[in-house]
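Trainee: Listed here are the chains, written in short residue letters.
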Amino acid sequence: DAGVIQSPRHEVTEMGQEVTLRCKPISGHDYLFWYRQTMMRGLELLIYFNNNVPIDDSGMPEDRFSAKMPNASFSTLKIQPSEPRDSAVYFCASYGTGLMNTEAFFGQGTRLTVV
Amino acid sequence: GQSLEQPSEVTAVEGAIVQINCTYQTSGFYGLSWYQQHDGGAPTFLSYNALDGLEETGRFSSFLSRSDSYGYLLLQELQMKDSASYFCAVRDSTNAGKSTFGDGTTLTVKP
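Read top to bottom, the protein sequences are chains A and B. So for the first sequence, my numbering puts the first residue at 1; every next one is plus one. So for the second sequence, my numbering puts the first residue at 1; every next one is plus one.
Since the hints were made in silico from the structure, they are not lab data. One should not assume that every hint holds.
[Stated by the list, open to error] Here are the computed distance ranges between Cβ atoms for each label pair: (1) 74/A / 93/B: 28 to 34 Å; (2) 58/B / 81/A: 46 to 52 Å; (3) 78/A / 103/B: 26 to 32 Å; (4) 38/B / 78/A: 41 to 47 Å; (5) 55/A / 59/B: 25 to 31 Å.
Cβ atoms here follow ideal geometry from the backbone N, Cα and C, with glycine treated the same way.
For reference, chain A alone in the conformation it holds in the complex (with noise of 0.2 Å):
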């Protein structure tokens, strides 16, 4: 498996505009996160699913931000309308359920930059 693939890497966009970022989990895998992170706040938790249903939603900041899940295999989380605030680097990780399945895989992140 290629592991949790992010798109895109890198994102630069006006404020105001929608942006959405994508996120494909490691195949079986029936949790996926999306976190973000920045130098002030750290890794938070923006919500999480499972089996393709949100579970916790309440680490999203606003309103602006949506996450859907609308199959096993794909996410996206979207900001509409954002703001330079929102510039942060975007991760996505999955992993699976059951004792074993301890470690959380995270995608390579994507870069925010909102201007």
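Use these hints to put chain B onto chain A, whose structure you have.
Mentor: Here is chain B on its own, set in the frame of chain A:
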């Protein structure tokens, strides 16, 4: 909710041993993980402890004391490439899918 505390920075020399501590407060504890992140890279998994005791993986070991809500990552025979950020993360027993990360410890290894 969950909160984790770990030192923000640690400096050591090549060949030395360093210990990075992590204390946590959690409403439900399932296990403690450690991740390494190099500048510009993704976090990568190092180890996981669900039970008390020491887990050893090569130069890295991780320890957990559930009664003390405390764990540490031990790095031996430090190498320059070990310079990175190290995060502890707690998995929530009330919902085993959820992990909360600490703020990370930046380790600088000097020659």
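Trainee: Evaluate each hint against the coordinates.
Mentor: Here is what the structure says about each hint:
no. : hint                     : verdict
1   : 74/A / 93/B: 28 to 34 Å  : holds, 29 Å
2   : 58/B / 81/A: 46 to 52 Å  : holds, 47 Å
3   : 78/A / 103/B: 26 to 32 Å : holds, 27 Å
4   : 38/B / 78/A: 41 to 47 Å  : violated, 29 Å
5   : 55/A / 59/B: 25 to 31 Å  : violated, 36 Å
Against the hints set out earlier in the document, violations occur for numbers 4 and 5.
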